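Using the sequences and the accompanying hints, generate a full structural model.
Number of protein chains: 2
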Amino acid sequence: MSDSERHINRAMLPEPTLRRLPWYLAYLKMLDSKHEEYVSSTQIAKRLNVDASQIAKDLSFLNIKGKTRIGYEVHPLTKALTEFLGFKHRHNAYLIGAGSLGSALMRDLGLMQFGLNIVAAFDINPEIIGSAVGNIPIYDLAEFPSRQRSSGVAIAIVAVPFESAQEVADTLVDSNIKAIWNFTPFRIKVPRNVVLQNTSIYSDLALMYNSMEANVNNKNNTK
Amino acid sequence: MSDSERHINRAMLPEPTLRRLPWYLAYLKMLDSKHEEYVSSTQIAKRLNVDASQIAKDLSFLNIKGKTRIGYEVHPLTKALTEFLGFKHRHNAYLIGAGSLGSALMRDLGLMQFGLNIVAAFDINPEIIGSAVGNIPIYDLAEFPSRQRSSGVAIAIVAVPFESAQEVADTLVDSNIKAIWNFTPFRIKVPRNVVLQNTSIYSDLALMYNSMEANVNNKNNTK
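Top to bottom, those sequences are chains A and B.
Take 1 as the starting number for the first sequence in the working numbering and just add one per residue.
Take 1 as the starting number for the second sequence in the working numbering and just add one per residue.
Quick caveat, the hints were computed from the structure, so don't treat them as lab data.
Please read these numbers as outputs of a predicted model, since none were measured by experiment.
It is possible that part of the hints are untrue.
Put simply, identical chains are the same to the list, so a pair is met inside one copy or across any two.
[Said to hold, decoys possible] Cut-off 20 angstroms, straight-line C-alpha distance, at most; resulting in silico cross-link-like pairs (PhoX-like, lysine-lysine):
hint: 1; residue 1: 29; residue 2: 189
hint: 2; residue 1: 88; residue 2: 46
hint: 3; residue 1: 88; residue 2: 67
hint: 4; residue 1: 34; residue 2: 65
hint: 5; residue 1: 57; residue 2: 178
hint: 6; residue 1: 189; residue 2: 46
hint: 7; residue 1: 219; residue 2: 178
hint: 8; residue 1: 88; residue 2: 29
hint: 9; residue 1: 65; residue 2: 178
hint: 10; residue 1: 67; residue 2: 46
hint: 11; residue 1: 219; residue 2: 29
hint: 12; residue 1: 79; residue 2: 34
hint: 13; residue 1: 46; residue 2: 57
Here it is, written out as structure tokens:
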């Protein structure tokens, strides 16, 4: 079913809701694999530490309602969530920067399960240009504009050294890329009509170190 | 300098501040590599799209103040931020789950630059137990408790199929792991004294797909 058939306005969806939907999906997939037929919002709430009313509200954005006393049907809800989150469709993407993080992403077959298909990578390092990781070829970044023009790929994953992140992003935007998934810690600027998604695994690492340090300091203070 | 020497209370640090600090660091490192001596908060603000007063406030948590009309000294600030964020020290970690995502993390030398050193991986797949990725050996998960007991490693990275995420986390906690970096979309539960850091790259992917879809719908509506 399309968004308009479901009467869904994506721009109205709050980001926290969007961030919780994949949690529900993971839990539902597990129940589905165990052939559970129904699940209540209370059950999801208990398992995921989210308020039951919040879950009902989140799912209502997808125009999905549970049945009184029975709850949600596991299999249809799993399917609806997978489709809504865009994990069912195949999204072709280019990878820019096939260094350590980039080639790790090329090897992560997990991305494919979530609908992301890396069709080619681009780099400036002559030692890797012309080679491949798995079945994914690595081209010269200089060839990007001409290759992109004929392909119509909409997504580019940026995994270059952060010093070159903005310059690379500018090239991508000029070549009509519609969405950039930025893995560098550099805050890229893009025009308003281009989607920018930042993933900062190193920021998460800093958060974890900080909580660990806070725990240690806390213990020392209460000694 | 230690936290107490700097009079820093880590538990008081707001998460948004902690998330912004690595952005400042990336920008400062770039300036440092160009041998720039000073940077003003206005300059950082303009480049990173963050309010100048917010930057001054964020850095004041580290008890770092800029000089009037000159700004911050680039090199010392870069060093202070690197140290504060825990990227300078070496944190040993175990990886649980050496599948596609897990082995990608083992190959990502980028983590090492941010202080994270994966010393060993654990898995249940007999085909990979006993092998290694790079220099990192893969052991049988059943050996985890005994190996962990003698090592004193504090951090475990969880990259197992989400169905087993909670079970694995329980084992880790029982074996005295102090911090879990969870790469699965499953909401793990841990005791309060254990640090849990979630990194959901697939949630970010869902956010990106949604923004792309919203852009398309928006264009269609205004036609």
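So, going through the hints one by one against the coordinates:
1. 29 / 189: between (37 angstroms within a copy, 18 angstroms between copies)
2. 88 / 46: neither (28 angstroms within a copy, 39 angstroms between copies)
3. 88 / 67: neither (26 angstroms within a copy, 53 angstroms between copies)
4. 34 / 65: Neither. Shortest intra-copy (22 angstroms) and inter-copy (57 angstroms) distances fail the 20 angstroms Cα cut-off.
5. 57 / 178: neither (31 angstroms within a copy, 35 angstroms between copies)
6. 189 / 46: between (40 angstroms within a copy, 11 angstroms between copies)
7. 219 / 178: between (49 angstroms within a copy, 13 angstroms between copies)
8. 88 / 29: within (14 angstroms within a copy, 40 angstroms between copies)
9. 65 / 178: Cα proximity of residue 65 and residue 178: none, with 33 angstroms in one copy and 40 angstroms across.
10. 67 / 46: For residue 67 and residue 46, only the intra-copy Cα distance (18 angstroms) is at most 20 angstroms; the inter-copy one is 51 angstroms.
11. 219 / 29: Neither, since 39 angstroms and 33 angstroms both go past 20 angstroms.
12. 79 / 34: Result: close within a single copy only, 15 angstroms intra versus 51 angstroms inter.
13. 46 / 57: Classified as within: same-chain Cα gap 16 angstroms, cross-chain 38 angstroms, threshold 20 angstroms.
Of the numbered hints given earlier, the model fails hints 2, 3, 4, 5, 9, 11; all others are met.
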